[in-house]
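Undergrad: As you go down the protein sequences, you meet chains A and B in turn.
Residue numbers for the first sequence follow UniProt numbering, so the first one is 1 and each next one is one higher.
Residue numbers for the second sequence follow UniProt numbering, so the first one is 1 and each next one is one higher.
Be careful, since some hints might not be right.
Note that the list lumps identical chains together, so a pair holds whenever it fits in one copy or between two copies.
Keeping only pairs whose Cα atoms sit at most 16 Å apart, straight-line, the calculated EDC-like set for lysine to aspartate or glutamate is [claimed, not checked]:
hint, residue 1, residue 2
1, 205, 8
2, 205, 14
3, 205, 40
4, 205, 219
Keep in mind that the hints were calculated from the coordinates and are not lab data.
This structure is a prediction, so every number in the text was calculated from the model and none was measured.
2 protein chains.
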Amino acid sequence: MLELGLPDPVRDPDLPARVRIHEVGARDGLQNESSLVPVEVKVEFIARLADAGLRTVEATSFVHPNWVPQLADAEELMPRLAELLARYPGLRLPVLVPNERGLDRALAHHASEVAVFASATDTFARRNLNRSADEAMAMFRPVVERATAAGVPVRGYLSMCFGDPWEGPVPIAQVVRHGLTLLEMGCTELSLGDTIGVATPGQVKALIDEFTRSGVPVDQLAVHFHDTYGQALANTLAALRSGVTVVDASAGGLGGCPYAKSATGNLATEDLVWMLHGLGIETGVDLASLTETSGWMARQLGRPSPSRTVRALLGPTA
Amino acid sequence: MLELGLPDPVRDPDLPARVRIHEVGARDGLQNESSLVPVEVKVEFIARLADAGLRTVEATSFVHPNWVPQLADAEELMPRLAELLARYPGLRLPVLVPNERGLDRALAHHASEVAVFASATDTFARRNLNRSADEAMAMFRPVVERATAAGVPVRGYLSMCFGDPWEGPVPIAQVVRHGLTLLEMGCTELSLGDTIGVATPGQVKALIDEFTRSGVPVDQLAVHFHDTYGQALANTLAALRSGVTVVDASAGGLGGCPYAKSATGNLATEDLVWMLHGLGIETGVDLASLTETSGWMARQLGRPSPSRTVRALLGPTA
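Using the sequences and the accompanying hints, generate a full structural model.
TA: See the structure below:
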C-alpha cells in the first residue's frame, strides 16, 4: 500500500466538515482523448473509482457519436455499470445528455441521473452547441422537464463562468441569469465552471455570494475549476469558505478544455483530496487507492498523469 | 506583447493590498541544475527579473563550490550585479551564506543582504548541514551577529516546517522554537519553508498564528511553499489571510527539493502573480515580461517550465 506522508489534519472551523466530490474523469476526462479507450478499460476505471470511495462518478455522455467518438460506446457501457450500482450502496453514475435525443437514449438505458452542459456566454454556446446561450437554454428546458417528470434528477453545468476565450471577462449578472434559468427549469444542482481556468479566489467568492444573495441555497451549487493557470485549488478553497460542499474533479487530472491554450485542464482529484484530508474534511475517498487507479489509467493512456500528487507519490513518469 | 486574458481583479478585504515577492529562481531555482549555467546567462536572468518588476531577487550562494558547483561562480557574478543595483532603485539582491566563511566571501563582495538556511528538524539538519538543528543554530549565530554588526540584514530560512521526509509530521512547538531562535539572534525576516510540499491551509494558518501569538510581528514572516502535491497556492492564500505579505517564489517554477519524491518543486512566480493580480493585490510585477523571461530561461536549460501559467501562455513546450 502506498505511503502518503500526509501530515496530521488541521481543521479550519470556517470550512465544511464534509465535501462530496463529483468525479468527472471517466466522461470529461476521457472525452478529448484521441485514441479510443476500450469499454472494458472504462468499466474497470469506473469500478476502481467507486472502489476508492468516490460516490458520484460521471460515467459517459449520450452525445452524438460523431461529435465525441470516444464516448460512442455509451450504450455498451451502461449495462456493464448496473452491477456497480448494486455493489456500492449510494453510488451515483450520472451521464451527460446534450439534447432530447440524448435523454431518450439515457432513459432507455436506465440512467438514474443526467446532466446538461450550458454556457454562460454566447460565443462558447455557438461554438459548442451551434446556438446562442438563450437558445441553448430553450433546447435544455424540455430535457430537464422530461427527466424531472421521469424522476431523474438533472445537474446543470454552466461553463465559461469567469472568462471566455473569445469574449474575455464575463459579467457576473450574465452568469447568474443563466444559472438561475437552469435552476428554475428544474436542475437540482448547478456546477459553475471556470472552463479556461482564469479565475482567482476573489471572483469565485463574488460569484457564489451573488448566487446566494439571489436566493439559491449554497448546497445547490458545485464548482468546476481548471488548473490551466494553477489556480484550481486556491479557488476551491475560496468556494469552500463561501459554503460550497460539492467539488468537481478529475482522477489524475485527466482532460481539459480544448479551447484553453494549454493541455493542463481539470483539477486533479488527488490534489483536491490531499488538501481536503489535510484540512480534516471528510470525502470518503481512499487517496492511496485513488492514486494507484490514476497511475493505472495513465499507463492505459500511455502518458504521465498531470496530477502533482500522483507524480509525487508514484514518480514523475506515473 | 503577450496577451494575458486575466479577468478584472476582484479584491478580498481580508487579504493584504500589497505583497512583496522574494524571487528565488536564480539561487534556489538553479542550484540543483546539473548542467552549469554560464555566468552571462545568470546575469541576464537576474536583470530580466528586475526588469519585470521584481525587487527582491536572491542572486546566488556563497556555499563551498564543491557542495553546489552550479553556484561556484558567485565571486564572478557579484561585480556584474552592481550595475543592476544602480539601475533599479529599491532592488535587493540577497545572497545565501552557509557559515562564517561564506559570510566573509559575501561581505568581501559587498553583499548588502544575506540569508542563512536552517532546519526545523534534526534529521534534515544532519543531512544538509552535518549537525543537529540546535548545533546548526549555534553555527549561524556568529554569522547573523557579524552580518548585523556590519549593517547587513539577514533573512533566516527555516526548512521542513510542516513535514520531514524522514521524521514525518513536525510539531508546531519545535518549529516555533527554532524560528524564534533565528529571530532572537537578529534575523530580520523568517521564511517558513514547506520543503517537501506536504502542508495544507489549516496547518499554515496554525503555524503562522502560533508565531504571532508568540509575539512575532507578522511582517517579519515570509512563506516558502513547494508545489509537490499542488498545494502551494492554496497555502499561500491561507498565509495571506493570516496577514503574511512576503511570499517566496521561483520564476518558471525552477528548482525544488532534492529530497522530495517528485521533480516538482518551488511555487512558480507566474502562478502566484496570476492569483495576486486577480485578487487586485499589488506586486509591482509585469506578468507578461516575467513569463517571457521564464520562457527564455527554459530554453537556456533545454526543458519546459513546470509553471502552469508559463505553459498556458507560451504553449506546453515553453
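Undergrad: Let me make sure I understand: some of the numbered hints might not hold for this structure. Which ones are they, in numerical order?
TA: Hint 3 is the one this structure does not satisfy, whereas the remaining hints hold.
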